[in-house]
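S.K.: Residue numbers (UniProt numbering), protein chains in the order written: chain R, 1 to 195; chain U, 1 to 195.
The hints are simulated quantities; they were obtained by calculation from the structure and are not laboratory data.
SDA-like, lysine to any residue: derived pairs with alpha carbons at most 25 Å apart:
id, chain 1, residue 1, chain 2, residue 2
1, U, Lys58, R, Leu114
2, R, Lys86, U, Ser11
3, R, Lys103, U, Leu114
4, U, Lys159, U, Gly90
5, R, Lys75, U, Leu114
6, U, Lys153, U, Glu39
7, U, Lys165, R, Ser186
8, U, Lys153, R, Cys164
9, U, Lys75, R, Arg123
10, U, Lys31, R, Glu192
11, R, Lys103, U, His118
12, R, Lys142, R, Gly22
13, U, Lys58, U, Ile36
14, U, Lys142, U, Glu180
15, U, Lys138, U, Phe171
16, U, Lys153, U, Thr37
17, U, Lys86, U, Gly59
18, R, Lys103, R, Asp18
19, U, Lys142, U, Asp24
20, R, Lys154, U, Glu127
21, U, Lys58, U, Asn40
22, R, Lys84, U, Pro17
23, U, Lys84, R, Asp18
24, R, Lys75, U, Gly90
25, U, Lys58, U, Lys103
26, R, Lys84, U, Ile19
27, R, Lys84, R, Gln66
28, R, Lys103, R, Phe13
29, U, Lys153, R, Thr80
30, R, Lys154, R, Val28
31, R, Lys154, U, Leu189
32, U, Lys159, R, Asp128
33, R, Lys142, U, Tyr191
34, R, Lys159, U, Val129
35, R, Lys159, U, Val73
36, U, Lys153, U, Leu122
37, R, Lys75, U, Arg123
38, R, Lys153, U, Leu67
39, U, Lys31, U, Leu168
There are 2 protein chains.
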Amino acid sequence: MEKVTNVAPESVFLYNPDILNGLDWNAVKNKLSPFITNENPGEDYFLVRPLMIDDYDKGYLQLLSQLTVVGNVSKSDFETQFRKMKETGGYFVTVVEDIRHNKIIGSATLITELKFIHQSGLRGRLEDVVVNNTYRGKQLGKLVVLTVTLLAKKLGSYKMSLDCKDQLIPFYQSLGYNLEQGNSNSMMLRYESKL
Amino acid sequence: MEKVTNVAPESVFLYNPDILNGLDWNAVKNKLSPFITNENPGEDYFLVRPLMIDDYDKGYLQLLSQLTVVGNVSKSDFETQFRKMKETGGYFVTVVEDIRHNKIIGSATLITELKFIHQSGLRGRLEDVVVNNTYRGKQLGKLVVLTVTLLAKKLGSYKMSLDCKDQLIPFYQSLGYNLEQGNSNSMMLRYESKL
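With the rest of the complex left out, here is chain R (with noise of 0.2 Å):
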């Protein structure tokens, strides 16, 4: 990680870049070939790394809007959002960065819950995970999805879970995910939109 910390204090970080070190890829090892982890992405020009008070400039939003509806969110909001979350705790946001171009090309959310159920245990989810299009072939949809669960389990998460699309069903179990039989129901209710 020497290269992240010496560019940039831990302050602008959403959380502590060093608790992406030394995750367990063993355990995932046999789901990605080539064999690729966050600390050696495959392409010496990828950095994956937390989000930064400063991806507001690298795009981080314009790639979020190809998952779905961003809006109109200044790069004011967007500080106030991620200080927000910093302060909050809990909010592990994980970016791949191409750094040739000072461009975010992917990311997923980890969110962790307390719970009191599972002798107070925590919970992980997984969130907005998305790759910008031109990047594919990579395996950076599996790299950033097993980092932020690898974190789950580092920091001692009972399950996570995440909700998806049909189409994201073999992706998921490719990757450890499981549709509990009788379990698997995912439902919603929208508000009126603020959009």
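With chain R fixed as given, assemble chain U onto it according to the hints.
M.R.: Frame of chain R; chain U shown alone:
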């Protein structure tokens, strides 16, 4: 809420009980018969309120154990987790107490999540819904779910979601939740149990 604030200072609540006042019950009036609300829960010995730090002694964890594994959580563990949730914010554990017996008989939790998408929006999640078996027929399940659903709306959430077993789908549909076609899958990865 006078009867609440008279007996306990605000600091012992997980969240400010005042925000449960004036929820938009008109929007869901047709979902309850007879009509009840968190402020008028049908019996004068029912009290709907935020979780309190002494609810360990009122059987909150015994109630949760009707839902899933709770494990060995001491009073000190409970208080530690309660304080962490309170400090973090975004945890709206809401309970029904039978004040005749000083006993927690129902609960539902709203968790709010800060997003960058949807104009730096707020998302709600419904978790850990449980009602004591011996209090059936009082609409307490509907009451706790609708209370936190309306609370999420009041807090400005753009949507609220939940995961559930097959047999609970009709119940949640009756309260306004939907299985969205092609986008209603909840997937899970379980790490080794701590228990």
